[in-house]
Amino acid sequence: MDPDSELLLRLRSGDERAFVSLVERYHEPMLQLAASFVPSRAVAEEVVQDTWLAVLRGLENFEGRSSLKTWLFRILVNRARTTGSKEQRSVPVADPEPAVDPARFGGDGGWADPPEHWIEAAEGRMEAGKLADRIRAWIGELPARQREVVLLRDVEGMSSEEVCAVLALTEGNQRVLLHRGRSRLRQLFEGEFREVR
Amino acid sequence: MRLLARLRNPDLVCQQAVELVTDYLEGSLSRSARRRFEAHLAGCPHCTEYLAQMRETIRLTGRIEPEDLTPQMRDEFTDLYRRWRSDQQ
Numbered sequence: 042m043d044p045d046s047e048l049l050l051r052l053r054s055g056d057e058r059a060f061v062s063l064v065e066r067y068h069e070p071m072l073q074l075a076a077s078f079v080p081s082r083a084v085a086e087e088v089v090q091d092t093w094l095a096v097l098r099g100l101e102n103f104e105g106r107s108s109l110k111t112w113l114f115r116i117l118v119n120r121a122r123t124t125g126s127k128e129q130r131s132v133p134v135a136d137p138e139p140a141v142d143p144a145r146f147g148g149d150g151g152w153a154d155p156p157e158h159w160i161e162a163a164e165g166r167m168e169a170g171k172l173a174d175r176i177r178a179w180i181g182e183l184p185a186r187q188r189e190v191v192l193l194r195d196v197e198g199m200s201s202e203e204v205c206a207v208l209a210l211t212e213g214n215q216r217v218l219l220h221r222g223r224s225r226l227r228q229l230f231e232g233e234f235r236e237v238r
Numbered sequence: 023m024r025l026l027a028r029l030r031n032p033d034l035v036c037q038q039a040v041e042l043v044t045d046y047l048e049g050s051l052s053r054s055a056r057r058r059f060e061a062h063l064a065g066c067p068h069c070t071e072y073l074a075q076m077r078e079t080i081r082l083t084g085r086i087e088p089e090d091l092t093p094q095m096r097d098e099f100t101d102l103y104r105r106w107r108s109d110q111q
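So the protein sequences, as listed, match chains A and B. For the first sequence, the working numbering gives the first residue as 42, with consecutive numbering after it. For the second sequence, the working numbering gives the first residue as 23, with consecutive numbering after it.
These are calculated hints, taken from the structure and not from any lab test. Mixed in with the good hints there might be a few duds.
According to the in silico footprint, chain B covers these stretches of chain A (three or more CB under 8 Å from chain B) [as the list claims (entries may be wrong)]:
(1) 110 to 116
(2) 160 to 171
(3) 199 to 210
Partial list, derived from the structure: chain A residues whose beta carbon lies under 7 Å from chain B [what the hints assert, rightly or not]:
(4) Glu69
(5) Glu138
(6) Val141
(7) Val196
Have a look at the derived ranges for each label pair, beta carbon to beta carbon [what the hints assert, rightly or not]:
(8) A:Pro139 to B:Ser54: 57 to 63 Å
(9) B:Ser52 to A:Ala144: 55 to 61 Å
(10) A:Ser46 to B:Arg81: 44 to 50 Å
No residue lacks a Cβ here, since even glycine has one placed at the ideal position from N, Cα and C.
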C-alpha cells in the first residue's frame, strides 16, 4: 500500500496520532503559504484552521485522484484565495527583475563581477543548524507569487504539474516565478557568505 | 557554413545564460537551446559555478523542515479530531 493510502486508512479509522502527525507535518507550511494570500498572520491561522476542518469533513469522499498533499494544499489555497483581497492577486507574473544585477556584467554581456564561491560555507552552516531559519526568513520576503511557487516546489518538493494545479498557474508562469524566486535566493546566499569574509 | 549557423544561432553571453538556468533544470529548453546553453557552460567557469549555486540553492531550500507544533496545539488538534470522530458515529 502506498503511504497516502495507508495514512488515509488510519485517518478514517480513528487513529488520532495519524491526524496529529499530519498536522505536525503540514500545519506550518500551510501557514506560510496562506500568509502570502491574506493580509495578516491571524487571518492566515484562521484559514489554516478552516482547512483542517474541511480536510476532516472531506476525508470520507477523498478519492485519491491527486496525492493527499496536493489535495491539502488545494483546499488551503482555495480558502486563502476566497479570504484574501482580490486586488493583491492582480500583480503580473512577469516582473522584469533580472536573475543577476546587470551591473555585474560588462558591456559584452560577460561576467565582470563573477559569482563568488559559497557552496561549502553554506553546507557547513546548514550542518551546524544555523542556516534554516535564515532561509525561511528569506523565503518569507520573496514577492508573494514567487514565494508560493518556491514553497511548494522547493520546500515541499512537489512536481511542477502539482504546483500548477494547486496555484492555478500555467507551466510557463510557474517556471517564470520559480526562476525569479530561486535566483533571488541564490543572490541572498551569495550576499550572506560574502559578508563573512 | 559554420559562420552562417552562428549568424542564425549566435553564441550565448553570460547575462543571457543566467536567465536560462531554470528552463535548463526544468528540462524545458528545446534541444538546440540546450546545446547552446551547454556549449556556453563548457567554455565558461563562472556560469558553471552559477549553475552549481542554483542547484545548491534548491538543495538547501529543500532541507528546511517544518517547526514542531507546541504541546498546546497538539492537544487542540487531538481534541478536534476526537470531536470529528464522535460526530461521525
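**Asked** So which hints don't hold here, by number, going up?
**Response** 1, 3, 5, 8, 9 and 10
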